[in-house]
Amino acid sequence: MTLWEYVEDRWDLILFETAQHASMVAQCVLVAALLGVLIGVATYRRPRLASLATASSGVLFTVPSLAMLGLLIPALGLGVAPSVTAIVLYALLPIIRNTVVGLQGVDQLVVDAARGIGMSRQRSLTRIELPLAWPVILTGIRVSTQLAMGIGAVAAYVSGPGLGEQIFSGLARLGGANAVNSTLTGTIGVAVLALLFDGCFVLLGKLTRPEGPLSRRLTTGGVRG
Amino acid sequence: MADQSTSGVPIELRKVTKVFPGSGEPAVRELDLNIPAGEIVVLVGPSGCGKTTTMRMINRLIEPTSGDIVIDGRSSHDIDPDRLRRNIGYVIQQAGLFPHMTVAANIAQVPKMLGWDRARIAERVDELLTLVGLDPGQYRDTFPRRLSGGQQQRVGVARALAADPPVLLMDEPFGALDPISRERLQDELLGLQDDLAKTIVFVTHDIDEALKIGDHIAIMKAPGHIVQYASPAEILTNPADDYVEQFLGAGSSMRLLRLTKVGDIEVDQVPYASEDADAAEVLAEIERHGLDYALLTDGMRRPLRWVGAEHLQGLTGPVGSAGDPITGTLHHRMTLQDALEALLNADNDVVPVVGRRRAYAGALSLSTVQNAIQAIKIRERERRLHRGETGAGR
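Those protein sequence lines, which keep their order, are chains A and B. The opening position of the first sequence corresponds to residue 0 in numbering that gives the first Met the number 0, with each subsequent residue numbered one higher. The opening position of the second sequence corresponds to residue 0 in numbering that gives the first Met the number 0, with each subsequent residue numbered one higher.
If you are wondering where the hints come from, they were derived from the structure by calculation, not from laboratory data. Owing to the predicted nature of the structure, the values given are computational and were not obtained by experimental measurement. Even glycine gets a Cβ: it sits at the ideal position worked out from N, Cα and C. Hints may be right or wrong, so weigh each one.
As the list claims (entries may be wrong) - Not everything, but these chain A residues come out facing chain B in the computed CB check (under 10 Å): (1) Val110; (2) Asp111; (3) Pro130; (4) Trp133; (5) Leu137; (6) Pro209; (7) Glu210.
The task is simple: from the sequences and hints, build the whole structure.
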């Protein structure tokens, strides 16, 4: 059976697994982005806290994903729970780090001006600092997404959902019928998904860049009515 | 607009001290400063003298360690800092514009926080852009990055003026500009101030800028205290000590001429009257002054024409359109050097001097300038003699 015949034969299953994979990655990255930006915002003004946050997520980062998943089994069992936990943990580091770096990189003159004209800390953060740090934060989220794609595949090791199932079952039956086809399908599927997601990020980045169309509409529209 | 704008309020610093945590020496030490309403007061001194710290304590970007700052009779300590700052315009070096917002949105920030409606904000933005010399249609929707440094700083000034605050704080606003733009923006600021009469606290390390801009100048020295607080003319002719003299640099009479404004010397007074004044009365006034001409002004006391005694002879009723149009005016903010240049090129011996809102303030002739130069020279010579004696006596 050729790869094409294999895919045609199991089209529904593969589509289902791809959708599962995409959905898992998207949700995990969303959670990681919310957590990561929050942690970044909470720590960026205090250099010691900020480096503590980056360092501890950095330590997590060094644990091999397979080992991490294995370690999570006793606590969380098999299936969705350990997969999601592992992916979120790995996705945190780039987001926290880029949030801190992005916020610290905002021109201090601009922040001083915001405070000087009477913006509260919070208003300065939401109207000035976060929008200006956004391209850097978005890059962090983009890196996290690529990371989550790969780890999402490995999550099949703990019976997690997604395309990893194709890879692992293929590897388990190596030499058997369709083993290579199965592994290839999973791998290519993950790669295609990763490219698709990345494309979305490029588009999102263009739309939301500080001087981009969205920003222009928001800031100008707010004034001109 | 200028007629309805809020003019300045007095600011008083009382024994204000700031000690930053972890530093032994105070950045500002028991500083007393009275800033009169509607004046430009310049804090000037070398870096590290505490001038910026002093200014930033006025809008509480830095909290004083002790002492009190009273703005228009109210202790700033009793006002919520964010609310306080919305009523104090703030202009900083390189303008500090928000790069992700259009020019209009930058200017609109304070009115937005104050809850103005959109139509009013849009109207105000256009008004302010016009005020600072930028065409609203062209610049309203551009981003700061596309503007030159001078244009950015104009937007910075417009943003500070947006909600019409009585007080402006300006922290080396023109420091990063090229000399030509800097000079032009200084002139424009002085022009604006003539109409707006805000209380402006201006920080700079450039003594020439201070002498040009300030109604009063506070020369500061580390650690955070004022060595001399006086008008530019007084600082030039009577520096308090060697530190001030050193800070002023080589001071010649020519420099004094360049830095003395028309308004600083005693200008001539000529009889002036509005166009609908009675010709006979104007004539009588001319004779009372022992001159043979008078100045005709409009209803706002802006000079229009010179009218000679011979024009009025035999005229009854209002003066009307008699006389010759004036060919130019001198501004009371002009330097004596510029005034001299204008006088040498003028058609008449006497040129009217105008002040706030271009209203009549006096007149100037070459001989008056000459006398003023003499007076300055004499004052300087006496000062040097005096200093020489006291120096020898020690």
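Checked hints:
1. The beta carbon of A:Val110 is positioned within 10 Å of a beta carbon in chain B (closest approach about 9 Å), and the interface hint is therefore held.
2. Checking A:Asp111 against chain B by beta carbon gives a least distance of about 6 Å; that is within 10 Å, so the hint holds.
3. The interface hint given for A:Pro130 holds, since its Cβ lies 5 Å from the closest Cβ of chain B, which is under the 10 Å cut-off.
4. The interface hint given for A:Trp133 holds, since its Cβ lies 9 Å from the closest Cβ of chain B, which is under the 10 Å cut-off.
5. A distance limit of 10 Å between C-beta atoms decides the matter here; for A:Leu137 the minimum to chain B is near 14 Å, and the interface restraint is violated.
6. Using the Cβ-Cβ criterion of 10 Å, the hint placing A:Pro209 at the interface with chain B is satisfied: the shortest such distance is roughly 3 Å.
7. Hint status for A:Glu210: holds, given a least beta-carbon distance of 5 Å to chain B, under 10 Å.
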